[in-house]
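Using the hints provided, position chain Z relative to the given structure of chain S.
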Amino acid sequence: MLRFLAPFAVFVALIVFFAIGLKRDPREIPSPLINQQAPAFKLQQLQAPSKQFSPSDMLGQVWLFNVWASWCVSCREEHPVFVELSKSKLVPIVGLNYKDKSADALQWLIQFGNPYVLSAMDLDGRVGIDYGVYGVPETYVIDKQGVIRMKHIGPVTPEILQNKILPRVRELSK
Amino acid sequence: MIPEIGHFALILALILALVQGILPLIGAATNQANFMAVARPAAQGQFVFVAIAFACLAYAFLANDFSVKYVATNSNSLLPAQYRFSAVWGGHEGSILLWTLTLSVWTLLVTLFSRHLPQAMAARVLGVMGLISIGFLLFTLMVSNPFERLLPAALEGRDLNPLLQDPGMVIHPPILYIGYVGFSVAFAFALAALMGGRLDAAWARWSRPWTTAAWVFLTLGIALGSGWAYYELGWGGWWFWDPVENASFLPWLVGTALIHSLAVTEKRGTFKSWTVLLAIAAFSLSLLGTFLVRSGVLTSVHAFATDPKRGVFILIFLTIVIGASLLLFAWRAPKVGLGGKFALISRETFLLANNVLLLVATGAVLLGTLYPLFIDALDLGKISVGPPYFDAVFLPLMAPAIFLMGIGPFARWKEQSLPELAKRLKWAFGVALLSALLMPLTLGKWTPLISFGLLLAFWVIATGVYGVWSRLSQTPGTMMSRIAKQSPSWWGMQVAHLGIAIFIIGVTLVKGYETERDVRMALGSAVAVHPYSFTFRGAKPQAGPNYQAWVGTVEVFKNDKLVATLHPEKRNYFSTGMAMTEAAIDTGITRDLYVALGEPLENGAWSVRVYHKPFVDWIWGGCVLMALGGLLAISDRRYRLHQRSANASPTLTVESQA
Numbered sequence: 001m002l003r004f005l006a007p008f009a010v011f012v013a014l015i016v017f018f019a020i021g022l023k024r025d026p027r028e029i030p031s032p033l034i035n036q037q038a039p040a041f042k043l044q045q046l047q048a049p050s051k052q053f054s055p056s057d058m059l060g061q062v063w064l065f066n067v068w069a070s071w072c073v074s075c076r077e078e079h080p081v082f083v084e085l086s087k088s089k090l091v092p093i094v095g096l097n098y099k100d101k102s103a104d105a106l107q108w109l110i111q112f113g114n115p116y117v118l119s120a121m122d123l124d125g126r127v128g129i130d131y132g133v134y135g136v137p138e139t140y141v142i143d144k145q146g147v148i149r150m151k152h153i154g155p156v157t158p159e160i161l162q163n164k165i166l167p168r169v170r171e172l173s174k
Numbered sequence: 001m002i003p004e005i006g007h008f009a010l011i012l013a014l015i016l017a018l019v020q021g022i023l024p025l026i027g028a029a030t031n032q033a034n035f036m037a038v039a040r041p042a043a044q045g046q047f048v049f050v051a052i053a054f055a056c057l058a059y060a061f062l063a064n065d066f067s068v069k070y071v072a073t074n075s076n077s078l079l080p081a082q083y084r085f086s087a088v089w090g091g092h093e094g095s096i097l098l099w100t101l102t103l104s105v106w107t108l109l110v111t112l113f114s115r116h117l118p119q120a121m122a123a124r125v126l127g128v129m130g131l132i133s134i135g136f137l138l139f140t141l142m143v144s145n146p147f148e149r150l151l152p153a154a155l156e157g158r159d160l161n162p163l164l165q166d167p168g169m170v171i172h173p174p175i176l177y178i179g180y181v182g183f184s185v186a187f188a189f190a191l192a193a194l195m196g197g198r199l200d201a202a203w204a205r206w207s208r209p210w211t212t213a214a215w216v217f218l219t220l221g222i223a224l225g226s227g228w229a230y231y232e233l234g235w236g237g238w239w240f241w242d243p244v245e246n247a248s249f250l251p252w253l254v255g256t257a258l259i260h261s262l263a264v265t266e267k268r269g270t271f272k273s274w275t276v277l278l279a280i281a282a283f284s285l286s287l288l289g290t291f292l293v294r295s296g297v298l299t300s301v302h303a304f305a306t307d308p309k310r311g312v313f314i315l316i317f318l319t320i321v322i323g324a325s326l327l328l329f330a331w332r333a334p335k336v337g338l339g340g341k342f343a344l345i346s347r348e349t350f351l352l353a354n355n356v357l358l359l360v361a362t363g364a365v366l367l368g369t370l371y372p373l374f375i376d377a378l379d380l381g382k383i384s385v386g387p388p389y390f391d392a393v394f395l396p397l398m399a400p401a402i403f404l405m406g407i408g409p410f411a412r413w414k415e416q417s418l419p420e421l422a423k424r425l426k427w428a429f430g431v432a433l434l435s436a437l438l439m440p441l442t443l444g445k446w447t448p449l450i451s452f453g454l455l456l457a458f459w460v461i462a463t464g465v466y467g468v469w470s471r472l473s474q475t476p477g478t479m480m481s482r483i484a485k486q487s488p489s490w491w492g493m494q495v496a497h498l499g500i501a502i503f504i505i506g507v508t509l510v511k512g513y514e515t516e517r518d519v520r521m522a523l524g525s526a527v528a529v530h531p532y533s534f535t536f537r538g539a540k541p542q543a544g545p546n547y548q549a550w551v552g553t554v555e556v557f558k559n560d561k562l563v564a565t566l567h568p569e570k571r572n573y574f575s576t577g578m579a580m581t582e583a584a585i586d587t588g589i590t591r592d593l594y595v596a597l598g599e600p601l602e603n604g605a606w607s608v609r610v611y612h613k614p615f616v617d618w619i620w621g622g623c624v625l626m627a628l629g630g631l632l633a634i635s636d637r638r639y640r641l642h643q644r645s646a647n648a649s650p651t652l653t654v655e656s657q658a
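Keeping their order, the protein sequence lines are chains S and Z. Numbering of the first sequence is given in my numbering, commencing with residue 1 and proceeding in unit increments. Numbering of the second sequence is given in my numbering, commencing with residue 1 and proceeding in unit increments.
Since the hints were derived computationally from the structure, they do not count as laboratory data. For glycine and all other residues, C-beta sits at the position ideal for the given N, C-alpha and C. A hint or two may mislead.
[Unchecked claim] To give a feel for the contact side, a few chain S residues facing chain Z, derived at Cβ under 10 angstroms:
| # | residue |
| --- | --- |
| 1 | R3 |
| 2 | L14 |
| 3 | I20 |
| 4 | R76 |
| 5 | D100 |
| 6 | D104 |
Next comes chain S alone, as it looks inside the complex (with noise of 0.2 angstroms):
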C-alpha cells in the first residue's frame, strides 16, 4: 500500500510548490537600476510638444514613472486603476509613452481617460533602453530624490497596487 502511495506523495510536494509558486512573479526580475539614480533625459511632452520633461523636474516627491502604449493591450487592463488612483491624489504618474505615435496615443487617452500628470514620448525607444523596459507596461516607484526603490514589470492590479505600491510611496513620503 505505502509503494502504491508514493506518486500521491510526490505529486503533492509538487502542489506545495506550485501553491508558494503562483504568489510569486517569476517576471519580477531583481532591477540592478534598483536604488541607483533614475537615468536622465529630456523628452518632449505628448500633450503639449513645445515642452520638455525631465525626471530631475520631478525632484522633492515621490512619483510613479508608468511606461505606456496605446499598442500595449496589457495598458488597457492596468489604465483603470491608474485613472483611480490619479483622482485620489495619492501620487503623481509620469508616464512614458513608449515607441508609439502622437494621435495614437492622444486619442487613447481621450478614450480611456488620462491619469498621468503629463506623458514624454519615447519615439524610438532611447530611453526605454535606459531604464531596461523589456516590456510594456512597466511602472517605477522613485523617490524624492530621483532614486529608483521600485519597479514592477507587467500590468498593475488593484492588489499590486494596494499592498506593494502604496505602501512603499507611503514609506518613501515620510
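Chain Z only, in chain S's frame:
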C-alpha cells in the same frame, strides 16, 4: 445577442456535464442501469452546446464584433478572414474553449465507439470525462469567459499577435490540443478500470487505439509547433526547451511509455498497475502543462497575459483531479496482482527498461522546467534553466533507450537467450557501426558526436530492415501477400521506429554541419556558405493587408548556377507596431537554405542572417513517419475483430468503428 447565446450554451453544457459526471458513476457503483444509460445522451448533448458556444465565438470574430472584449483584444478589422477564425484560439479564453470543445469531441467519439463495452465500464469512462469537463466549463465560465462584453464597444480591435498570423498557427493549436486532451480517454479508461476492479487484457485492448490516436496527434502537434518556430521566429532553431514546449513534450514522453506498456498489458497481462499509473501520469502532465502555460508561474517566450485567479483555479482543479486519481490508484492498485512472470532477459524486460528510461527522461525535463520555480519558492534567487542542462541530461538517457529500441522487437516474450540475440543482431550492429564511422567523412568533418548520433540512427534502421526481412522471408507466398500478411500494428511499429531514426539523422546532421552567418549585406554583395553563395539584390517596400513589409531579394548560386531566389520579409504590423521577421527558405531533401532579414542599415544595406541547414527537414519527416506508424497501428483489425466477438448485439455496425 449571438455572444449571449454562446454564453448560455456554455451554461447548459455545464449542466449536462454535471449530469454526465455524477449520475453514471453512481449508477455504475450501485448497479442501476437507468442511471448509467444517462451517460451517452448527456455527453452528446454537451457536445452540441459546446459546439454552439464555439460557433458563436467564431461568428463574433468573423463579424468583427468588438463589443466582445476577447474579440477586441485578439482581432482587427484588417485581419484576413482565415486569421480572424484562428484568432478564436489566439488568446487565453478561446484556447480554453477550444480545449473544452476538443474534450467534448473525444467524449462524443467514445459514446459512438463504446457500444461493445460492458455498460458499467462505458458509464464510468464517460462519467470520468464528464468530471473533467465540469472543471473546464467552470473554469471558462468563472474566470475566462470569452463572451464577456466590452462596453462601450471598441472602435477597432487590438489585433491578433502577429506571431500567430501564420498558416502553421492556424492548425498547430487544434492538433496539439487533440493530442493533449486525447490522453483524457486513456485516463478515463484507467480510472474506470480501477473503480471497477477490472484491470485486464481487455481493458488494455480497449485503451490502446485511443491512446495511440492521442499520441499521433500530439506528435504532429509538437512537430507543427517546432516547424513554426523554425520559420517564423527567424532564428532557424527548431527546439528551445522553452517551458511551453516542454509542457507538450512531457505528456508525449509518458504517452510513448504508455503505448509500449499497454502492449505488454494486452499481450502478457503484466505491468498492469504500472500501465494505469502511466495513463494517469500522461493526462496529469497534460493538465500540468495547461497550468504552467496558463497560470504564469513560469516565464516563457509564449507570453500569455496571465491572471493569478486563473492560476489558483487550475491549481485547485489539478489537485482534485490528479490527487483523487492517485489516491484511487493507491487504494485499488495493490489488489490488482502481478500477472505473468518473465525472465530477466525477455521482451518484457526490454520494454520495461525503455519505459523506465522514458520516465527518467520525463523527470529530468520536468525538473529542469520547474527548477526556476523551486529555487524561487525556496527564496534562493531567480534563475533560468536553458538548453545546456536539457541537452546534457536528455541525450545520455535517450541513447540507451534508442539502443534497446533496436533490440526489443527481436526479443521473445517471457524468456530470451542473450547469446542468441547477439548472434542475430551482430551483422546489423556491424553495418550500423561501419556506416556511422564512415559517413561523416563523406559529409565533411568527423566528430565523435556525429558518428554516435548516426550510429543510433543506423542501428535502428539496420535492425528494422533485418526484422522486416526475416519476418517476410519466413512468410510463404508472393512478396505482396507476405507484406499484407503482417499485421498493420506490426508495420506501424516498424514505421514509427524508422521515424525515430530519420529524426535522429536530421538532428545529428543539422547540429553537426549547419552553417550560420550573421552578416551586413550591401546591395550586390555576396556571402559564401559552402558550397553556396548568397547575393543580396536589395529590399523593396511592399504593402500587405494589415502590415507594411520590406521584401528582400537574395539569389543563391551553386557553382555559379542560380539555384534559388529567396524573398525574406520584414513586416511591420499597423495595429501593434510589432516588427516580424518572415524567413525565406528554400527547402530540399538534403538541405534548407534559410535567409532572414535583420535590421536595415545605411545606404540600402541590411543585416542578414544566412543559414545552411543540412537535413533539417528530416526532423519533421521523422515525426510524420512516427505519426503514420501510429495510424497504421490504430487501423489494425484486431481491435475491431475483438469488438465483434465481444459484442452480444449483432445489429451493431462494427465496420464503421475505425
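Outcome of the hint check:
With a least beta-carbon distance of about 8 angstroms to chain Z, the hint placing S:R3 at the interface is held under the 10 angstroms criterion. Interface restraint check: S:L14 against chain Z, minimum CB-CB distance 8 angstroms, threshold 10 angstroms, status holds. Interface hint status for S:I20: upheld, as the beta-carbon distance to the closest one in chain Z is roughly 4 angstroms, under 10 angstroms. With a cut of 10 angstroms, the hint placing S:R76 at the interface with chain Z holds, because the nearest CB-to-CB distance is about 8 angstroms.
For S:D100, the interface hint holds, the least distance from its beta-carbon to any beta-carbon of chain Z being 7 angstroms, beneath 10 angstroms. Residue-level restraint check for S:D104 holds (minimum Cβ-Cβ distance to chain Z is 9 angstroms; threshold 10 angstroms).
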